[in-house]
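Visitor: If you want the building blocks of each chain, they are given just below.
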Amino acid sequence: MTARLHLDEGTTSVSAALAVHNITHRYGPGGPAVVNGVTFEVARGELVSLVGPSGCGKTTLMKTISGLMQPTSGTVTAFGRPISGVPRELAIVFQDYSRSLFPWLRVRANVSFGLSGLGLERSERRTRVAESLAAVGLTGHEHKYPWELSGGMQQRVAIARALAYRPRILLMDEPFASVDAQTRAELEDLTLAVHREFGMTILFVTHDIDESVYLSHRVVVLKRSPGEVHAERVVDLPETRDQITTKADPRFVAQRAEVAGLIRDAALGSTRFSLHPTE
Amino acid sequence: MSLLRLTGRAARALVVKLGLVVALLALWQVLTVEAQNIFFPTPADIAVRMRELWFSGPAAHLFVTGGFTTDVVPSVARALAGWALGGLVGIAVGLVAGRWARAQGYVDPPVNFIRSLPKPAIVPLFLIVLGANDRMRIALIAFGCIWPVLLNTLQATRAVEPTLRDTGTAFGISLPRQFAMISLPAAAPRIAAGLRVSLGLALILMVLSEWSLTQHGLGNFLLTSQRSYQVLDMWAAVAMLGLLGYLLNLAFLALEKRLLAWHVGFTGTPLP
Amino acid sequence: MTVRHRSEPRALVLWRGLVGAAAVAALYQVVALAGIVDRRLLPAVPAIGREVARLAVDPDFLGAVGNTMTAVALGLLISCVAGIGGGLGLGASSLATRMTRAPIDVLRSLPSVALIPLLLMTLGDGVRMKTVVVVVVAVWPVLLNTTYGVRSVDGVAVDAARSFGLSRLRVWAGVVVPSAVPAALTGFRIALPMALTVAISSEMAAGTPSGIGGFILRTSYRDFDAAPVFAAVVLAGLIGWALNAAAAGLGNRLVPWEGRR
Ligand SMILES: Nc1ncnc2c1ncn2[C@@H]1O[C@H](COP(=O)(O)OP(=O)(O)O)[C@@H](O)[C@H]1O
Ligand SMILES: [Mg+2]
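Protein chains in written order, with this note's numbering: chain A, 14 to 292; chain B, 351 to 622; chain C, 26 to 286.
By construction, these hints were calculated from the structure, which means they are not laboratory data. Fair warning: there could be bad hints in the mix.
As the list claims (entries may be wrong) - A few chain B residues facing chain A, derived, Cβ under 7 Å:
| no. | residue |
| --- | --- |
| 1 | T519 |
| 2 | F521 |
| 3 | P535 |
| 4 | T574 |
| 5 | E606 |
| 6 | W612 |
Remember, it's a predicted structure, so these values are computed and weren't measured experimentally. Don't be surprised by glycine CBs; every beta carbon is placed ideally from N, CA and C.
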C-alpha cells in the first residue's frame, strides 16, 4: 500500500482522498486549543488509524474533518476539493451507537435513513439496504428496533447505514469502544472485509493500540493537551490479517510495542512545545 | 391453570380497578336519597336526565337527540379545532426555536410570562377584539393550547441527543427534513405530554368561552341551568363534561401508546 | 444534554429576557397597527403600559387581587395538607393506589370549571366558594404526585435503612417521606397555576364584582376602552408568573438535587 508522501506545506497530493492541513480547533473564542495544527493525509483506498488517549481531541478532529464542525483554522480537502459542510462522498460511524441510531425507527428504516436525502428510487433504496445489511450479517433483523439488539449488532446497523450511503470515505470514531472483546474482534474483521469489498478509504479513530496496528496501513499517533500529531508509522504487515496469526506475528508485536512507546513518549513529552513533531 | 382460577383472577383485577367507583356511586346514591336536598339529586336521576337530554334519539341518529347536536357537538368540535390549531403552532414554533440553544435566553421569559396568564382572564380580551363568535372561541382555545405544547416542545427539542442531529447532517438531510425526521420524533414523548395537558385546557376554555353571549354549547347549557335553578340539568351537564373529558383523555392515551410504543421499549420507562 | 459552561451574569440574563419581551411587544404592536382588527380594540403598547402603572397602585384593583389571592392561598393550603396526607397514605399501599386510581382519574378529568356553577349554587359567590373551587382542582396533582413519589422510593434505600435496625415508622419518616418531597413539590407547582385559573374563572362565572376576574369583567363591560382590560390581564399574568417563579425557587431551595443528577 502507498506509504505516506512527504509534502511541503500548502500542497496536497493528487492521490490523497483526504488531506488535513494545519487544523486547529478551540471551543469558544479564547478557549484552549483542543486540536492544534494537525496535518496528515489519507491516500485513496488507504485505511489509516488515528490513535491517542481519551480526551486528546480525536472526536473534535473527526468532526472538523467531516465538516460537521468548522475548525477554528486550517483546511480539509476531500479528493482535492475543500470541505465545508459534510460532503456527499463521506459517511460517519459515530462512537456511541446507542445515540446515533434512531430509537423510533426499525433496523431497515435506520439503514435507509441516510438515503432519504439522495432522491433514489424506492427499488434502489431497497436493494442498497438489503445489500448493506447482508454485508454486516444482519439479514433477518430488518424489523427489529435497535434497542432490541445487542451492542455489537447495533454498531453493525450503524455500519450498514454508512455502507448503504456508498461513501468513498468512511470515518469511524472509536466505533468499537463500548462492546465486549469478542464482539470487538468480530467487528474489526468486519471493518477489514468491508474495506476490501467496497474499496473505500477509511479513517479509523481509536484509543486501542492493538486495534490501530491490526486494522491499518498506517497509524497516526496523537498526543494530548493540545491535540497534536506526535508521530506517524507505516504498518508493515501483510494485507490480509487474522485475529490469531497476525496478532502472534512478531512484526505485529514489535510494531505494537513501538506505537505504545510513541504514545508513552507523547504523554511524557506533552509539556514540551513543538510545532512540527511529525517525522 | 384452570379456567375457574383464571376468571377468578380477572374478577379480582376488575374489583380492584372499578370496585371503589361502584362503591362510591352506591354511597352517593344512598346519601342523596337520604338527604333529600334539592341541590343534590341522586346519581340515578342524573343518569336518567342525561339520557333524556342527549341519548334518547332515534336509532337512525345513533340514539342521540337534537339536544346532543346543538349542545355537545359544536362544543366538542370547537374544542378539538382550537386544540389542534394551538398544538400545531406550539409544535412548529417549539421545534424551530428549540433548535438554537442561543435563542433560549430570549425565548423563555416571554413564553413563561404568557404561559402564566390566567387563561380565563383572557376571555374578555378575545371577546372585545374578535367579538362573540365561533372564530373567537376557536382562537381563544388555540391560544390557550399553544403554551403547554410550546414549552414541552422547546425543552424536548433542546434535549435531543446531539449525535442524532449530527447523524442527520452527516447524511446530508436538509434542515426542514431534519425537523420532521429527527427533532419531531425525538421530542414526541414530551410533545405528547404537552398535548395531553392542552386537551384538558381546551375543554376548560371551551366551557369558559361559552359562558358569554352564546345560545348553544355545553358551557352555555351549564350556566343557563344554574341561573335558572334547573339543578338536575346542571348536574347532567357537569356529568357530561366529565364523561367527555374522560373519553377524550382515554382516546388520546390510546393513540399515544400506539405511536410511541418505541419510547417505552427504548427507555424501559413509561411515557412522561 | 445542555451544557452550561459558566453561570452567566444576571444582567445578561435579564437583558436577554427584556429583549425577548420587547420583541413580543413589538410583534403585538405591528399586529395592532396592521388594522386586521379595529384599531380601537387593540390599544397601543404605551397606552397599556400607562394603564399597568396606574392599576398597580389602584386600591380597587389591589383589593381585587387580595380577594382572589386569599382564596388561592387558602385553597392551596388545604390542598397541600389533604393531598400530601392522602398521598402518603395511599402510597403506603399498592392495593390502595390501584383501587383509587379509577375514581381519581374520573374526578380529575372533569373540566374544573364545570364545577363552578354547582358550587356557586350551593355555596354562594364568596371566598368560601372560591376556596372550595381551588381545593377541588388543586388537590389532585398534589395527591397524585405524592402518591407517585412514595411508590417510587428507592427500594435499596429502604432496605439499607432497615438493615440498620430502624423501625418501620422510623424508615417511613426518615426515608420514605423525604423521598416523596420532590414529587409533592412538583404536584404543588402544577397545582399553583390551576388554582389561580379556576379562582378567576369562578369570579367571572359568578358575575360578581369581587376578585381579579370580577374586576376584569367589570372593566370590560364598562366602556369601550380596551387598555385597562389589557393592563389588568397583563398584571394578572405578572402575578401568575411571579407565583410560578417563587414556587420554582422554593423547589430549588428545598430539593437542590432535583434536576441536577
Ligand atoms: N462541545 C465541547 N465544548 C467544550 N469542550 C469540549 C467539547 N467537546 C469536547 N471538548 C473538550 O475537548 C477535549 C477533547 O475532546 P474529544 O475531542 O471528545 O476527545 P476524544 O474524542 O479524544 O476523547 C476534551 O478536553 C473535552 O473536554
Ligand atoms: Mg471521542
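Visitor: Determine for every hint whether it applies to the structure shown.
Guide: Evaluated hints:
1. Hint status for T519/B: holds, given a least beta-carbon distance of 6 Å to chain A, under 7 Å.
2. The beta carbon of F521/B is positioned within 7 Å of a beta carbon in chain A (closest approach about 4 Å), and the interface hint is therefore held.
3. Hint on P535/B holds. Least Cβ distance to chain A is approximately 5 Å, under the 7 Å limit.
4. With 7 Å as the threshold, the beta carbon of T574/B stays out of range of chain A, its nearest partner Cβ sitting at about 48 Å, so the hint is violated.
5. With a cut of 7 Å, the hint placing E606/B at the interface with chain A is violated, because the nearest CB-to-CB distance is about 13 Å.
6. Annotation: W612/B was flagged as interfacial toward chain A, and the flag holds, the nearest CB pair being 4 Å apart, inside 7 Å.
Against the hints set out earlier in the document, violations occur for numbers 4 and 5.
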